[in-house]
Structures are given as C-alpha cells and as structure tokens.
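Colleague: Protein sequence lines correspond, in order, to chains Y and E.
Throughout the first sequence, residue numbering follows full-length UniProt numbering, covering 1 to 353 in sequence.
Throughout the second sequence, residue numbering follows full-length UniProt numbering, covering 1 to 353 in sequence.
I should point out that these hints are in silico values taken from the structure, not numbers from a laboratory.
The model shown is predicted, which means the values in this text are computed figures rather than measured ones.
Honestly, I wouldn't trust all of these hints.
[What the hints assert, rightly or not] Subject to a maximum C-alpha distance of 20 Å in a straight line, what follows is the list of computed SDA-like cross-link-like pairs (lysine to any residue): (1) K289(E) with K347(E); (2) K319(Y) with G205(E); (3) K319(E) with G205(Y); (4) K149(Y) with P55(Y); (5) K311(E) with G285(E); (6) K305(Y) with V247(Y).
[Unchecked claim] Some chain Y residues near chain E, calculated using beta-carbon distances under 10 Å: (7) N110; (8) V181; (9) S318; (10) E320; (11) G323.
All C-beta atoms in this analysis are idealised placements derived from N, C-alpha and C, irrespective of residue type, glycine included.
There are 2 protein chains.
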Amino acid sequence: MKRDRNEGIWDFENGMPPQDGGQDLILGLDGGTTSTVCICMPVFSFTDNSLPPDPPPVLAHAVAGCSNHNSVGETAAKETLERVMADALFKAGSTRSAVRAVCLAVSGVNHPTDQQRILSWLRAMFPNDVKCFVHNDAVAAMASGTMGKLHGCVLIAGTGTIAYGYTEDGREARASGAGPVLGDWGSGYGIAAMALTSVIRAYDGRGPQTMLTSRILHELELSSPDELIGWTYADPSWARIAALVPVVVSCAEAGDEVANGILLDAVQELASSIKAVVCRLGLCGEDGKGSCPLVMVGGVLQANKKWDIGKEVISCISKEFPGMLPIRPKVEPAVGAALLAWNVLKKQSQSGG
Amino acid sequence: MKRDRNEGIWDFENGMPPQDGGQDLILGLDGGTTSTVCICMPVFSFTDNSLPPDPPPVLAHAVAGCSNHNSVGETAAKETLERVMADALFKAGSTRSAVRAVCLAVSGVNHPTDQQRILSWLRAMFPNDVKCFVHNDAVAAMASGTMGKLHGCVLIAGTGTIAYGYTEDGREARASGAGPVLGDWGSGYGIAAMALTSVIRAYDGRGPQTMLTSRILHELELSSPDELIGWTYADPSWARIAALVPVVVSCAEAGDEVANGILLDAVQELASSIKAVVCRLGLCGEDGKGSCPLVMVGGVLQANKKWDIGKEVISCISKEFPGMLPIRPKVEPAVGAALLAWNVLKKQSQSGG
Numbered sequence: 001m002k003r004d005r006n007e008g009i010w011d012f013e014n015g016m017p018p019q020d021g022g023q024d025l026i027l028g029l030d031g032g033t034t035s036t037v038c039i040c041m042p043v044f045s046f047t048d049n050s051l052p053p054d055p056p057p058v059l060a061h062a063v064a065g066c067s068n069h070n071s072v073g074e075t076a077a078k079e080t081l082e083r084v085m086a087d088a089l090f091k092a093g094s095t096r097s098a099v100r101a102v103c104l105a106v107s108g109v110n111h112p113t114d115q116q117r118i119l120s121w122l123r124a125m126f127p128n129d130v131k132c133f134v135h136n137d138a139v140a141a142m143a144s145g146t147m148g149k150l151h152g153c154v155l156i157a158g159t160g161t162i163a164y165g166y167t168e169d170g171r172e173a174r175a176s177g178a179g180p181v182l183g184d185w186g187s188g189y190g191i192a193a194m195a196l197t198s199v200i201r202a203y204d205g206r207g208p209q210t211m212l213t214s215r216i217l218h219e220l221e222l223s224s225p226d227e228l229i230g231w232t233y234a235d236p237s238w239a240r241i242a243a244l245v246p247v248v249v250s251c252a253e254a255g256d257e258v259a260n261g262i263l264l265d266a267v268q269e270l271a272s273s274i275k276a277v278v279c280r281l282g283l284c285g286e287d288g289k290g291s292c293p294l295v296m297v298g299g300v301l302q303a304n305k306k307w308d309i310g311k312e313v314i315s316c317i318s319k320e321f322p323g324m325l326p327i328r329p330k331v332e333p334a335v336g337a338a339l340l341a342w343n344v345l346k347k348q349s350q351s352g353g
Numbered sequence: 001m002k003r004d005r006n007e008g009i010w011d012f013e014n015g016m017p018p019q020d021g022g023q024d025l026i027l028g029l030d031g032g033t034t035s036t037v038c039i040c041m042p043v044f045s046f047t048d049n050s051l052p053p054d055p056p057p058v059l060a061h062a063v064a065g066c067s068n069h070n071s072v073g074e075t076a077a078k079e080t081l082e083r084v085m086a087d088a089l090f091k092a093g094s095t096r097s098a099v100r101a102v103c104l105a106v107s108g109v110n111h112p113t114d115q116q117r118i119l120s121w122l123r124a125m126f127p128n129d130v131k132c133f134v135h136n137d138a139v140a141a142m143a144s145g146t147m148g149k150l151h152g153c154v155l156i157a158g159t160g161t162i163a164y165g166y167t168e169d170g171r172e173a174r175a176s177g178a179g180p181v182l183g184d185w186g187s188g189y190g191i192a193a194m195a196l197t198s199v200i201r202a203y204d205g206r207g208p209q210t211m212l213t214s215r216i217l218h219e220l221e222l223s224s225p226d227e228l229i230g231w232t233y234a235d236p237s238w239a240r241i242a243a244l245v246p247v248v249v250s251c252a253e254a255g256d257e258v259a260n261g262i263l264l265d266a267v268q269e270l271a272s273s274i275k276a277v278v279c280r281l282g283l284c285g286e287d288g289k290g291s292c293p294l295v296m297v298g299g300v301l302q303a304n305k306k307w308d309i310g311k312e313v314i315s316c317i318s319k320e321f322p323g324m325l326p327i328r329p330k331v332e333p334a335v336g337a338a339l340l341a342w343n344v345l346k347k348q349s350q351s352g353g
C-alpha cells in the first residue's frame, strides 16, 4: 500500500485487529456542494442473479462538508473525501484492507481530466487491488433509483440542475449542470433568481406587479425591493437564493401569474434537459415509445404541493416519451454509488474477471 | 477642521503655502467598479447666466482603483476615495482649504442609507463649509452629457447596466442596475452570459447550433464547451465575462441567428429601462412627444460597428418617444460630477444662498 500524506486520518487502523477473512466492504460516496456522505456496505453474495437486498444493508454512515473541488479547491476537497471515508470505516469497525471497491460520485466532475485526477487521489489512498470508480454525483442519484443499474435518465433539480442519461452499453450524455452563469434555468437557483428579477422589474416599472414582491420581502425581512440589491451582494451563495423556491411555489398556488409563469418556464427547462439526453442516446428507442427509467431527485422536484414541479415535468415528458418510468428513489445517493460498485464486482465475478 | 484617521494621506498639505485668496476648487469624482477618477476644476465665474466653458478646464486628474463599497468593503472604498482626492489636490498644487465643493458619484449607491454614510465620510474629511454631494455614478454620466444639468435620462451599459431619469424639479427614478443575479439583462455581462448559455444549450442539444461556439472557444483558447464550466468557476468576475461582447457582436454581424437574437433582446431590455424611467417621471410630457436629453455611455453602447447596439436602442426608443435627444458625452463623468457641483454653487450664489 502506498504511504499517505495525511497519515493522521488513518491512524485508527493501527489499533484494529487484522481484517483477513473478515467481511468485504464497499464504500459509496455522494459528494455534493453542501455535504458529502459516505456509506459502508457489505459485499453481499454474487451467487445468484437476484437483485441486491431491498433495502440494502448499510454498516456505517458518515457525513462531511463540501467536496466539490470547484467550490473549495482541490486540497480541501481531497481531505474531505479522505476523512469521510476514514470516518465510515472507523464506524464500521473496519480498515482499508477490507475494502473491495470505492465508488465516489461527486459534483464538479464535468470532464475526463477531473475524473482522472480524483481517481488518482483514490488510488493513492487504497491498496492496489481496490476497484475505484469516480463519477459525477448524478450517477449516484441514478443508481439510487435503479438499485445500482446505470441505465436510463436522471434529473437532479436542487440548488442547481443536471440531467444525465446512460445506455446499457455504457454510453452517457449530460445536459445542463453548468452553473448559474451558463444558464441552469429550472434549478432552484434559477427559479428564485427569476422571482427576484421579477420583483425588481415590477418595482422599476419594467414588468407586471406580482405577489412575489410582498412575499419575498416578508421572507427576507426587507422593507423595499431596493434592499434586495444589498441582500444579493452581501452573500451571493446559490443555496441562499434557491431557498426562496417555496415562496415562489406558494405565490403560484395563490394564483400569481408571474410566479406561475416562472414555474411553467422551469418545467419546460427541466423537461428540455431530459429530452436532450433521451434523444442523444436514443433511450426510448427510435420511435420514442420505448420504456426507460427516469429517476427524479432534488428539492425542486420533491414538493408534493398543489403546484408540483416534478409532476408537471413528468407530464410534459410523457407526451413525447410515453414509456418514461418516473422513479423517486427510496435509498440515498451514497447507497446508489455503493450498489453501482457492487454491480460491477458482480459482473466481473460472473465473467470470471 | 476635523482630525483625520488617515493623517498620512493629507501630509502633503503641511508643506503647502496658505491658500487664502487662491483659486477656489471643485472636486469631481466618478467611482466605478474598475476604477475611480477624481478631477480638480476651478470655480469659474457665476456672474453671467452662460454655460460653463466648453471644454471645462481641468487642473488635475487622478486615478485609483475600485471604490464601490459593495465590491471592496467600506474601509477600502473610503480609503480609495480619500487617496484619489488627495492625489488630485496634490497634483493641482492645492489643499483642502481651497475646496468649495466635492461631488462624488460612485457606483453602489443604491439606497439613501448608502448616500448618508458616504456623505458623512466626506464631511469628516473636509472643512465644514465645503458643499458635499453624493450620488450614484449614473449622475456623473448624466451630467457629463448635459454639462452639469441634471435633467433627462441616462443609460449606462458597460459590464452592468442602469438607467436613471431626473426631472428639473428634482425628482429621480432608476431602472435596472441591480446586478446580474437580479436580471440586468442588456448589460455586457448579460449579453455575454446569454451567449455562453447558448453555447452550452447547443452542445447539450437543448438549443440551435451557433457560430458563438467556435468563436467563443477560440477567444478563450478552450477546446470544448465542457471546459466553459471550469472557466466560469475559475473566476466569476462580471467584467471577465462581459469582455466577450465583441465576439457576440461579430457573430451577429456575420449573420448568426442566435447572436443576433441575443443582441435584439439586449436592445429591448435596455430600451425598457429607459422607457420605465421616462414614464415614471413623465420626462417626455403627458403625450410622450416632449423633448428630453438621453445620455448614453458605456462600452456596450459605443460600438460603432455594423451591429450598433446604441443606435438600435435609440431607434427603439424614438418610436415611442420621438423627442428623446441622444447625447454621447464629450467629457468624462468625473468632469460631469464637478459641473454638477458648479451648477449648484451657481444657483446658490444667484439666490444669495
């Protein structure tokens, strides 16, 4: 095993009994912009062709901060990932020598060079025979809806939004997920920024009056739309702005036309991301009638209110692709990541690889 | 005179001869997000009712960095303002005792509380009888087109955009100028962000193909639209993104429909800001036919290319308000600020105040 630069993180392993013959483990990680989750799962049997246990057993669960290298820088991202894995193994009463596979799904992996770099971090942390996988966080979300099978389409709409599609033969495609500057409309940030813009436009006399004005000012404890300028300058974090989505939904439910228009636009944007990946990969076949899982995750899609953005997106997509099968995952994305690694191990075991 | 906290800045005054009986001065400041300019102007005669000399005499010109308190914080903004004024007075061979008025027009003054705070900084820096004026930077731009008269409408479109209107009886109105989060579409940032978004949409399969893709990637020395994500994350400064406007204009001139659409939208947005302030203040009279100056400044409006955004905005506005008189200022905004102060001194002198 290679030596680590952060020896302290793994010091706990020295006090552990030898793991030889113990339970083999898989680490599944979901690294987002707000937090990073690592779960530790046993490698359950490959002997039959059945699906993994439902729910899959989770031996340990650890949480840390942001591990998106774009947000916090490489050094901090790497240390966060290393610590959360050590924490999960420690909680599971095990060490790295028991690990068979690590599947890391982390936001900010947008390019093969990102993937290669993070993969090299992982390989330096673990023994050479550990299978390491690095993906975008969308992969974990997808796998959490399909119990580890990487096939279909996943739409994530929280603070940001991204759509990914995967074919059974290993091709993939992405749409959106490029951040607010590059137009992730339909995201929580996008919806809330449009609402704030509408308030300013109404105040300026450039747009219609809207209930959003009083509701948003009340929510933020401000007395005039003018003060929104200072409010956005004070802290332009996307999550802080995206937190206004419930206000927009409640205004739309109360009949506000401007808020309603913003949500309808968001539905079109989110649906267009799904359509783009479905078309590029031919996920619903040549006639568009084929069946295909559509995993939907993130705060924007989970509002079970009168105005249900997720439901409207499904309704919009189903017109064009009636075989799309919407799935709201029951397990967390980190479990999806671990199941994905388990599926790969299973295939390799069955093919004798 | 009050004692300064930054004594060092004004140390040069100790070596100056007494200014009693010397030339009275006005300081005019234009504080933007990229730089701050202070000019020193003599107080020329109030005896007749003529306009100020054209061009107005400038005794000294000093430049410093950003003085927008939203961008650099209050302490840094205040020190920048103090230093640039001291620098201008030093270059003019004079001291604060010769100053009759200071007119500071600085970006980021969006609320009366901003104005009051900056006014109190100024008053602490100068003798009690110095007239101090604090405005948004739009005021300096306006006055630079009207030789110090605060009447009409000014549209600024550089990295950001803002429109201000002023009536002869002292009312004013603003539109836009709220920053990118709050939808300053039509700004240089807004145009370029839309162009970047179009590149991503085309790449995703969510929007039409566009010449913007190859031109922008070439300009930024990137090889794939994917890399735009890292590029925007690396440094989200608005000016860096707004610098892509010439690429968008050249694509529109070459017939690219997407680029053309972005510029047409920008024209509508900029025109809507002007219309909003003209309507709120009744600047063109009840029938909209009255005459009114329209001062136009900023990089987005100054492109004398085949696709001339400023010309299109004027053409759009003139349909509704045929009496709008477009002005492209010949003096810099800091001179406008000084002329504004001169006009106030003149009025006070004529009314015996």
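Colleague: Each hint needs a verdict: does it hold in this structure or not?
Modeller: For each hint, the structure was consulted:
1. K289(E) with K347(E): At roughly 29 Å apart (the allowed maximum being 20 Å), K347(E) and K289(E) break the hint.
2. K319(Y) with G205(E): Given that 20 Å is the threshold and the Cα spacing comes to 19 Å, the pair holds.
3. K319(E) with G205(Y): Holds, at roughly 19 Å.
4. K149(Y) with P55(Y): 15 Å, holds
5. K311(E) with G285(E): Violated, because 23 Å separates the two Cα atoms, which is more than 20 Å.
6. K305(Y) with V247(Y): The hint holds at about 12 Å.
7. N110: 5 Å, holds
8. V181: 4 Å, holds
9. S318: Result: violated, 19 Å to nearest chain E Cβ.
10. E320: 14 Å, violated
11. G323: 19 Å, violated
Figure legend: structure checked against the earlier numbered hints; hints not met, in rising order: 1, 5, 9, 10, 11.
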